[in-house]
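The residues making up each chain are set out below.
Protein chains: 2
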Amino acid sequence: MRATYMYGPGDVRVIDVADPVIVDQTDAVVRIVRSCICGSDLHPYHSMSPSSQGSPMGHECVGVVEEVGREVRTVEKGDLVITPFAWSDGTCEFCREGLQTSCRHGGFWGGGDVGGLQAEAVRVPLADGTLVAVPVEETSPLIPSLLTLSDVYGTGHHAAVKARVTAGTTVTVIGDGAVGLMAVLSARRLGAERIVLMGRHKQRTDLGREFGATDIVAERGAEGIAAVRELTGGDGSHVVIEAVGHMPAYEQAVGVVRPGGVISRVGVPQYSKAPVGFGTLFGPNITLTGGPAPARAYIDTLLPGVLDGSVDPGKVFDREIGLDEVPEGYRAMDDREALKVLVRP
Amino acid sequence: MRATYMYGPGDVRVIDVADPVIVDQTDAVVRIVRSCICGSDLHPYHSMSPSSQGSPMGHECVGVVEEVGREVRTVEKGDLVITPFAWSDGTCEFCREGLQTSCRHGGFWGGGDVGGLQAEAVRVPLADGTLVAVPVEETSPLIPSLLTLSDVYGTGHHAAVKARVTAGTTVTVIGDGAVGLMAVLSARRLGAERIVLMGRHKQRTDLGREFGATDIVAERGAEGIAAVRELTGGDGSHVVIEAVGHMPAYEQAVGVVRPGGVISRVGVPQYSKAPVGFGTLFGPNITLTGGPAPARAYIDTLLPGVLDGSVDPGKVFDREIGLDEVPEGYRAMDDREALKVLVRP
Chain S
1 MRATYMYGPG DVRVIDVADP VIVDQTDAVV RIVRSCICGS DLHPYHSMSP
51 SSQGSPMGHE CVGVVEEVGR EVRTVEKGDL VITPFAWSDG TCEFCREGLQ
101 TSCRHGGFWG GGDVGGLQAE AVRVPLADGT LVAVPVEETS PLIPSLLTLS
151 DVYGTGHHAA VKARVTAGTT VTVIGDGAVG LMAVLSARRL GAERIVLMGR
201 HKQRTDLGRE FGATDIVAER GAEGIAAVRE LTGGDGSHVV IEAVGHMPAY
251 EQAVGVVRPG GVISRVGVPQ YSKAPVGFGT LFGPNITLTG GPAPARAYID
301 TLLPGVLDGS VDPGKVFDRE IGLDEVPEGY RAMDDREALK VLVRP
Chain V
1 MRATYMYGPG DVRVIDVADP VIVDQTDAVV RIVRSCICGS DLHPYHSMSP
51 SSQGSPMGHE CVGVVEEVGR EVRTVEKGDL VITPFAWSDG TCEFCREGLQ
101 TSCRHGGFWG GGDVGGLQAE AVRVPLADGT LVAVPVEETS PLIPSLLTLS
151 DVYGTGHHAA VKARVTAGTT VTVIGDGAVG LMAVLSARRL GAERIVLMGR
201 HKQRTDLGRE FGATDIVAER GAEGIAAVRE LTGGDGSHVV IEAVGHMPAY
251 EQAVGVVRPG GVISRVGVPQ YSKAPVGFGT LFGPNITLTG GPAPARAYID
301 TLLPGVLDGS VDPGKVFDRE IGLDEVPEGY RAMDDREALK VLVRP
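Line by line, the protein sequences are chains S and V. Quick note, in my numbering, the first sequence goes up one by one and the last residue is 345. Quick note, in my numbering, the second sequence goes up one by one and the last residue is 345.
In isolation and in its complexed conformation, chain S is listed as follows (with noise of 0.2 Å):
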């Protein structure tokens, strides 16, 4: 089959490997339906240390069961399925508690000898405790929501959740990506009545609007707080939603966050360390949360508002490409020509 490597920054290939078959009889075989390119998958594009072996891509993917492990019990060959960003057991403590990225004997795709999702088919360990099954047709038009479902509405709803965010809340959300605007629609969701976007690429923008934020933001660094500040009665948003991680998203997120207010990060840090000292976060008593969504735990919640129409967050995808044009996708993401890229194997 074909599956997607990176082998150093802006080198992506689609290449030739075996067929993915059941090794352990917890496994399943998908067949995928749609994947996708993350804005995650842009930071080893830009930084990742050449390597010759490479590493396979794609964390995000609905698609067909085509074969279970005998021991596998919650899906069977056929069902459609949405697969999380990280594979887990459902069992353990932390997978009983929602926390299904650090599942003790889960994993990410594409490490150890688990294959990526921009691929023709994938092996998926624990598949009982991994995948959910949705009574959903592959040609339905929800599948592009539905794929939001594996990463990036979760990721929206998980910085919403951790930060706690409520009626009333004033959120500012730092990144126009397809992360930022589920941001967005999540706080809304959550009930948020002021939501500040600060990016400044319109149609992203404009897209933001319709997902629920009631300002928009262009600037950047000193400016771009001052107008949050501005919109923000002088004292700056209650929750703060960094959802680019870089170091200077996570200096505007100090600048614009309120005093006893949240920092949620869901943008992988691109740094290790920041400041946390008594002039940035300790004096005002912010709080700094977040971390890789367990987006396993928010398909119940989250799927309901998918399958009624009421929400629509595959608006995110505004291109959708051949698995051998993935490549190219990448490219047109890194340079803002597309926002999140749809792959059809």
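Be aware that one or more of the hints could be misleading.
[What the hints assert, rightly or not] Listed next, the stretches of chain V that the computed footprint assigns to chain S, with coverage defined by at least 3 CB atoms under 8 Å from CB atoms of chain S:
| no. | region |
| --- | --- |
| 1 | 86-99 |
| 2 | 262-269 |
| 3 | 275-286 |
[Claimed, not checked] The following label-pair restraints were derived from C-beta to C-beta distances:
| no. | chain 1 | residue 1 | chain 2 | residue 2 | range |
| --- | --- | --- | --- | --- | --- |
| 4 | S | P248 | V | G279 | 18 to 24 Å |
| 5 | S | T139 | V | E93 | 38 to 44 Å |
| 6 | V | D318 | S | G305 | 58 to 64 Å |
[To be verified] A few chain S residues that face chain V, going by a derived Cβ cut-off under 8 Å, partial list only:
| no. | residue |
| --- | --- |
| 7 | P259 |
| 8 | L288 |
| 9 | D324 |
Calculated directly from the structure, the hints in this document are not laboratory data. Virtual Cβ for every residue (Gly too), placed ideally from N, Cα, C.
We have chain S; now place chain V onto it with these hints.
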């Protein structure tokens, strides 16, 4: 009157200064009955930039109102009062939300033209918002416990509240100073059953046991982390309260916190940057919280237990000195001869 000033590392002097007087009609003048030395006073004692003017010291006291401005309504001459370690108007949004340390018009003792509390008396700005009158005589044996409501008990409580400690939470407290011990007491009060205290001064950890610690870990660094992990089934502690403020304590906190857990800092950080990246906070979804405690906010909650004797936080005081002995009190606390020093002006 006599008052304490610090001029540089190790250089504490008790000097003659002008008696405080009413400046604004919202002021009170308070004669200090008992003050004390705080672990956080030892930070400048180590690292203050030398100054010929000096800094007024002390931010905790119980006193008696001597005089009030015309606009003061809630306290009157002769009242015994607790002064929280920040003064605040009690009316701004931050005060109404219980974040008096971020009061729009408030400040900290020893800043601007407001004196420190290791002194004979002090001018209290915004007396209505700041002072809490308690129906106790100044000769009462409850005075030391009431004095802890000025800072350390409120600070320990803040650490536990910000970390949302409830029954069933496993809590590790890093630091066996007065704030660490108050965090133990507070975690116990909020229902925590398993409380690991990391500290190596037996007299202090014995008091920690009395306040509710179930386990003591004397080791530090990798050994200390391994010991806490062993005590917590390998996964670490839901909540870690960092009551020191130095980087090794932060690193210890990161080492012992459970995935999905909370690090709550109440030791004033002596660093500006810290590890917060994928490998420390982000990957395991750790929340970092804490800051200066709004001690004023917690007095209503904590006072009844002090008055009825169900808690005895005043046990953290193990030495009492006169005001002129304050320099010796700093030395004794810095040398770990004394846990917390009560000052009798």
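Going through the hints against the structure:
{"no.": "1", "hint": "86-99", "in the structure": "holds (count 4)"}
{"no.": "2", "hint": "262-269", "in the structure": "holds (count 3)"}
{"no.": "3", "hint": "275-286", "in the structure": "holds (count 12)"}
{"no.": "4", "hint": "P248/S <-> G279/V: 18 to 24 Å", "in the structure": "holds (21 Å)"}
{"no.": "5", "hint": "T139/S <-> E93/V: 38 to 44 Å", "in the structure": "violated (53 Å)"}
{"no.": "6", "hint": "D318/V <-> G305/S: 58 to 64 Å", "in the structure": "holds (59 Å)"}
{"no.": "7", "hint": "P259", "in the structure": "holds (4 Å)"}
{"no.": "8", "hint": "L288", "in the structure": "holds (4 Å)"}
{"no.": "9", "hint": "D324", "in the structure": "violated (31 Å)"}
Violation of the numbered hints given earlier is confined to hints 5, 9; the remaining hints are satisfied by the structure.
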